[in-house]
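Novice: Same order as they appear, the protein sequences are chains P and H.
Numbering follows my numbering, with no gaps: position 65 of the first sequence is 65.
Numbering follows my numbering, with no gaps: position 19 of the second sequence is 19.
Errors might be hidden in some of the hints.
As the list claims (entries may be wrong) - Pair ranges (Cβ atoms, derived):
(1) P:Q71 with H:D448: 46 to 52 Å
(2) H:M136 with P:S35: 52 to 58 Å
(3) H:E78 with P:S35: 35 to 41 Å
(4) P:D125 with H:E78: 34 to 40 Å
(5) P:Q23 with H:E395: 17 to 23 Å
(6) P:S109 with H:E78: 27 to 33 Å
(7) P:Q129 with H:P123: 52 to 58 Å
(8) H:S125 with P:E58: 46 to 52 Å
Stated by the list, open to error - Far from chain P, by Cβ distances over 10 Å, these chain H residues were calculated:
(9) K17
(10) H36
(11) Y120
(12) G126
(13) P220
(14) D226
(15) E233
(16) N241
(17) R268
(18) S300
Treat the hints as calculated values from the structure; they're not laboratory data.
All residues carry an ideal CB built from backbone N, CA and C; glycine is no exception.
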Amino acid sequence: MSKDRKPILALFYCQHTPQSSEQDKQALEVKYGKSLRLFPMPCSGRIEPLHLLRALEEFADAAYVICCPAQECRYFDGNLRAKKRVQRVREDIMSLGFQGYRIGIVMNSKEKQESLAKLTDEIVDTIAQLKPLPILNPQG
Amino acid sequence: MPAKYMIHAKPAPNRFKAPTKSGVIAWWEGCLGCPHCVKEQCVYGVYHKRDLDVRQMIDSIDNQCMSCLRCVQGCRKELIHKSMNPEYTSLGDSHWTPDVIASLWYQAETGKIPVSGAGYPGPFSGPGFDSMWTDMSEIVRPTRDGIHGREYISTGINIGGSPDHLSFTASGELEDNAPFRAEIPLPIILSLPPLGSWGENTVKGWAMAAREIGTFLSLPHDMIKDELVSLKESLIPVVDNGQPGSLKEMEGFTLLEVPWREDWKEIRERIKERNPSTLIFWRIPIVKEAAEKVLCLVNSGASAFYLKGTENGRHVDDDTAFIKEAIRSIHVTLVEKGIRDKITLLVGGGLAMAEHVAKSIICGADGVVLDLPILIAIECRMCRRCTKGLPCPVEIDRAEPSWVASRVTNLIGAWHNQLLEVMGAMGIRDVRRLRGETGRAMFYEDLDRSTFGSLGTPREGYELE
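Only chain P is shown next, with the shape it has when bound in the complex (with noise of 0.2 Å):
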């Protein structure tokens, strides 16, 4: 395998995100090609556990969620229990021993609220280093 293969991300987030139309998930997508996956949701409550350990055993090695300020989500709590929920998965999978960081959540800032983009490019930094998933991963 290459020693240059960029781990791939599967980045979930909340239609809310500021600046993540079709325009700029294509911009992302031809910025990082193959090593990142784009899933717009209506709310991040609406991600589940399925959704995150699915990614890691079809194709990514890491998979993130990106949502609302706390006590701006037009669901009232949906972002609180993306967290949660989040939390969960990470503690399993740290639990069969894998880095707890290959499954993250970012929650917006309520000051300053960021771009996909921008996010987005501090979820690679932060996984940069994560090598394929020894088992799951088909390409690994």
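Assemble the complex: chain P is given as a structure, and chain H must be docked to it using the hints.
Specialist: Chain H in isolation, oriented as in the chain P frame:
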């Protein structure tokens, strides 16, 4: 009476799950544990048949939900919500709207007319074809019930003009005036879409669909090779410059499509020299001078035209003008010159719904040329990722030709049925009689002018609601 022309639909399921209009947001945290949970009571059982399409991350809960909102209203802790699906709302653009695309998918999959339910929730009037309404005054006549009625409604058109007069030989027999060069059973010709990640198999599928429904597919001449040669009677080669190389092996085609160029006379001569029996089908962009170009060509004997607007149904040189106005104006010009019957006028560009076929014909076209709808029929999402070098989300180039052909046949079949319905409701039994029949439609602009024109116009910068 000839046999009734019908397009038989065979269901052709989607290869990829289509994004649904809305998504379910269902939480379990805070659940009261009611003995009769609304999820258990779902009549469609969507909460029990959960599945996840990992390739697209589409949850079956969205695809199976019929949006009855019973669970949303019934949950005592209000843990279930419905929201617009961002994957759906991001489809297409302002012309190829998500609803138009989803409707085309449905018709291509089933071959059925889309029924949106009781009532019309949309605006009173809109831009382009949305500002005209067709006359349905004869909808009560049962014998003219379009699809299943006893009376025959013809949707066939001729390509190539009618002669001014008939000539007879000394013995009284009709001389061969070759009035028509081609006849198609419905006023629709297919054309390769201007975008899309389609491949050879896709083109073959489109050509098979054209043969199946009895019409033509227009495509660049250099693409007609290998297996496509056997389908040549259903193809219209596009010849750019009429150079000998491009005319090689052009024999056997009924029509040749030639884009307008300044040196059109030389191109015509070259083509006539090599293929005297072939009818040239001139493609002219819809610009301000389109009518003059048509007149100029008609005076030199041309008899078939394809007026092409932008893919958003606008004039090529004016993004604010719709092709509807251009069709009306060119048609009226030709009628006034007394030469309308000498030519066939097909229009294309931005035609996205079945009603656009009937409305184009009412405005003065003989028929239409479809390009993007045959791409959307095979699941295209109009995301235009292919134009940026990004992979196609539905891998269009990997579709089998037979599946492509079925999808396009279904779509055109559904459009044909809708044309029959609307003609039946208008009391018109031949699509050739619908041409330019503006008395069978009302135009918002005309009504607005005649009703409120005497009151003056709003001051610049102001709009009436």
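Novice: Next, verify each hint and record whether it holds.
Specialist: Here is what the structure says about each hint:
no.: 1; hint: P:Q71 with H:D448: 46 to 52 Å; verdict: holds (48 Å)
no.: 2; hint: H:M136 with P:S35: 52 to 58 Å; verdict: holds (55 Å)
no.: 3; hint: H:E78 with P:S35: 35 to 41 Å; verdict: holds (39 Å)
no.: 4; hint: P:D125 with H:E78: 34 to 40 Å; verdict: holds (39 Å)
no.: 5; hint: P:Q23 with H:E395: 17 to 23 Å; verdict: holds (22 Å)
no.: 6; hint: P:S109 with H:E78: 27 to 33 Å; verdict: holds (28 Å)
no.: 7; hint: P:Q129 with H:P123: 52 to 58 Å; verdict: holds (54 Å)
no.: 8; hint: H:S125 with P:E58: 46 to 52 Å; verdict: holds (48 Å)
no.: 9; hint: K17; verdict: holds (13 Å)
no.: 10; hint: H36; verdict: holds (24 Å)
no.: 11; hint: Y120; verdict: holds (27 Å)
no.: 12; hint: G126; verdict: holds (23 Å)
no.: 13; hint: P220; verdict: holds (28 Å)
no.: 14; hint: D226; verdict: holds (32 Å)
no.: 15; hint: E233; verdict: holds (41 Å)
no.: 16; hint: N241; verdict: holds (35 Å)
no.: 17; hint: R268; verdict: holds (43 Å)
no.: 18; hint: S300; verdict: holds (46 Å)
Against the hints set out earlier in the document, no violation occurs for any number.
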